[in-house]
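Please model the entire structure based on the sequences and the hints provided.
Taken in sequence, the protein lines are chains A and B.
Every number in this note's numbering is 312 more than the matching position in the first sequence, counting from 1.
Every number in this note's numbering is 46 more than the matching position in the second sequence, counting from 1.
Everything labelled a hint here was simulated from the structure, so no lab data went into it.
Quick caveat, the model's predicted, so the values are computed rather than measured.
Quick reminder that beta carbons are idealized off the backbone N, C-alpha and C, glycines included.
Among the hints, a few may not be true.
Residues from chain A that face chain B, not an exhaustive set, calculated with beta carbons under 10 angstroms [said to hold, decoys possible]:
#, residue
1, V542
2, S710
3, K728
4, A744
5, L759
6, P800
7, V804
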Amino acid sequence: MRKVWKRRWGKFRGLGMINPQSLLITLPEIEIAVFGLITLLAAAFCGARVTRHIGVLAIISFALAGFTLFCHLRLHFLLNGRLPVFAFGTQFVDDGFARFVKAIILVASSLSLLLSWSYFEKDGSERPEYPVLILFATLGMMLMASACDMLSLYVGLELQSLALYVLAAFRRDDARSSEAGVKYFVLGALSSGILLYGISLLYGFAGTTDFASLSFALRGQVQATPGIVVGMVFVCAALAFKVSGAPFHMWTPDVYEGSPTPVTAFFASAPKLAALALFTRFVLEPMSGLTAQGHQAILFISVASMLWGAFAGVAQTDLKRLLAYSSIANVGYLLIGLLVGGKTGVQAILIYFTIYALGTLGAFAVILCLRRGGKAASSLADLSGLSRTHPLVSLAMSVLMFSLAGIPPLAGFFGKYFLFLAAVQTGWLPLAIIGVLSSVVTAYYYLRIVKVMYVDESASPLDPLPDWGVRFVLGLSSLAVVGITLMPSPLVDEALRAARGFLG
Amino acid sequence: MSDFPLLSAVTFAPLLGAVFIFLFVKGGQDKKGKHAQRIAFLASLATLALSFLMLNRFNPADTGFQFVERFVWIPSFNIAYIKGVDGISVWFVMIAAILTPLSILSAMGSVKTRVKEFMIAILVLESMMIGMFTSLDFILFYVFFEGVLLPMFLIIGVWGGEKRVYAAYKFFLYTFLGSVLMLIAIIAMALHLGTTDMTAMMGGKFPKEMAVWLWLAFFASFAVKTPMWPFHTWLPYAHVEAPTAGSVILAGVLLKMGAYGFIRICIQMLPEASRHFAPMMIGLSLVGIVYASLVALAQTDMKKLIAYSSVAHMGYVTLGIFSFTRQGFDGAMLVVLSHSFVAAATFLCVGVAYDRLHTREISRYGGMATNMPRYALVFMLFTLASIGLPGTSGFVGEFLSLQGAYLVNGWFAALAVLGMILGAAYMLWLYRRLFYGELIKEDVRRMPDLNKRELAMFAPLLALVLWIGIYPATFRNVYAQSLEKALGEIQGVGHD
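Right, dumping it as structure tokens:
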């Protein structure tokens, strides 16, 4: 009770003037925002010829934000917890969980920028707004990772989503890209509406938007009022849309397929983690008093995503679509961690997602390597014979695919192991069994990719490999997967620290 | 205990060879392929030398695990890198170490495309197999157990026959489906005891209701791997489509992983549940023996015939194990040893004919005894060993296994003997169709006899088969104490 009171008091104090401590805590976000504004002006005045420079600036700002995050970590360590974790009242929280998620987001954003290094140039649609939009999307995601209030949650989510809608439609000359953008925007706006409605219901019935107070208000109730349950389900549905969990996944395959490939790579990695982090915080903090009702909804989404992602993926012939279904299935697994909750659940989510993001970014890098006669190719058949022409690329791709399939000894296995371990530990055994069985089905389509590369004869020769950016991302992600395989300990320990930071 | 990590050396020597080939041999045709072959062969010989060193230093009187290595791997989850062998696993390691160089020798003649990649795959496979037999941490065990699937999937899928893709998928998905259930069981066991150390799990520490479910999960994995009827349907496809070297490893080592799992996990960790399910296991084994033998009789494809005979022979292994008698256990171990070498040899024999005529149809051959006398002799000896003629390895194991079954119930032995009779029928009939009769087919007449490489391939197998047949004590002495301990554990558990 006292804690909550203290927080509220802090909130009122924060409203009066901007607290320097708050500025210190939000420094990484401020850096990115400043860089975003500078690059926006540069893009407006200098045009397409500075695209490269803006890209470099964006990566520098990511690195700077990452460095600041690291300094925060040291600062927390040195001050031994005396540094406040909340900024701007209780809008923004800077705990271990948020820092871990932000670190992964920054890495994933930088890598997806590298993936686009020469992509748009080749298609003649190079525009300086691209890195700027990535910067603002990343800013939104970082806010999401730290959001500790319904309002900052919504602001972060919208900032990210608006940037993503534009990114999806970035190739204006391409009908499918435009279609993807429109589809994403219409459905995204709908889900934002549902989210906002859910938030207002929660506010109406609980009287607060702050996570901690919400949790406190809801825990005291013996019987949740229907208004609160409906509000919570609405928020869950909107968040499930953002992480593309079935049955709110409809947009995913189309948007993944239609968007330019570097954008798809970005979609599959950083925004997903940000939305998942938000989902985690929402379920484990304000909703912790309503596990009985909340679990029903998440359980359904989890099982539906695992099964739908596994079975619908089998029939796909386009690689980007296939990876979209793979991401749906993986969200199903990640939601198991959400159901498990607690330190083990959060730790498992973070480990699993890190390994998944590496695998999926690497897989998109391979798709970016596929070009025939200057045109980007992304069908499964385009991979055929890759092992003869590009043995290293196909080896890296097989490593990533086997890792995604969760076949030991590769890192993906550890992700699944910790997740299912946590599930069995907390009595979600049936869920773990559904999980492993659906992972056998997903193994089929990952294997099919390996088969096409190694067994099928190539149709026509591919263009030479793209620039260093794509190759760097591919090399880095596959080496990281192998590295985690050999030394899982650092990742496991970091994730545990992050989970501890989250739940005290 | 010496400081040298002998088991890690045995495990990772082939992997080192694979990495060396990957980095330093350029993947080209012809000449470059030769380099890869030689390096792979040397790496597998080095592994063999190291494993002989292990066998030499092994102390049979000690029933515990030897050459134990222990490193912390993931401390926060209490997962460690633990290696060690006892008298049982030491032989499984030897089987893998002996058969890999032989399969590489056979691949030198038959694998013409992507030689470099093939050699890498087979060395990685060897690493995984040996790693699995020497692992004493459950997660490590699982990692190696599944790690076998990847190289084998590629070996079947890339270098296999016409329907290789279907066969590779079937192989992979069947075994993967079985082993993910095992993963859940491993998780449950690890949570129950708070550790993944396999030695800590032995001796029936799980409550009966839990053990029954755990046992079923392991059964799903090992029954597919062994394979037991009715989970054997992947095997004929995988065997038929795999290249000869792949079939050798598949029949010689991969199937034995199932047997090893039954002994190490089902018997030693879940003895009570094993007792509970013994009637089912014996029943499935008997059906498997008779059914697979009958099906083998009807085959027109050489490799398929031998694949079904493998199912029948592995039936004797599970029959022996689940009779819970000394004779049965002994028999199971000896059938494992014998079948590894005999099945490997028969697949190599088939490979010899296939390399020359590129067909597995039995009816395409005939009369080969006339123009290929050496081949005929070698094939005959292994045929007899497969039938179980006294003096060959096949006899000792199957005899003991039958004796074990007889001690449980005379009818069981009677049914199992039927399998032996049928075995004689299909093997001798195969031999007659291949080697006797008129040598009328022109292309068969032009087939050359065994060359030196092929003789070098068969000689060690022949020696081993006769050695086991004539003086099995050499082999038995090593595993006897460990097996006795396992037997004591399961006999200590009361009947239901």
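Do the hints match the structure? See the list:
1. V542: This interface hint is violated because 36 angstroms lies over the 10 angstroms limit.
2. S710: Holds, because the Cβ-Cβ distance from S710(A) to chain B comes to roughly 8 angstroms (cut-off 10 angstroms).
3. K728: With a minimum Cβ separation of about 8 angstroms from chain B (threshold 10 angstroms), the hint on K728(A) holds.
4. A744: Hint on A744(A): holds, closest Cβ of chain B at ~6 angstroms, below 10 angstroms.
5. L759: Holds, because the Cβ-Cβ distance from L759(A) to chain B comes to roughly 6 angstroms (cut-off 10 angstroms).
6. P800: holds (5 angstroms)
7. V804: holds (6 angstroms)
Hint violations for this structure: number 1 only, all remaining hints satisfied.
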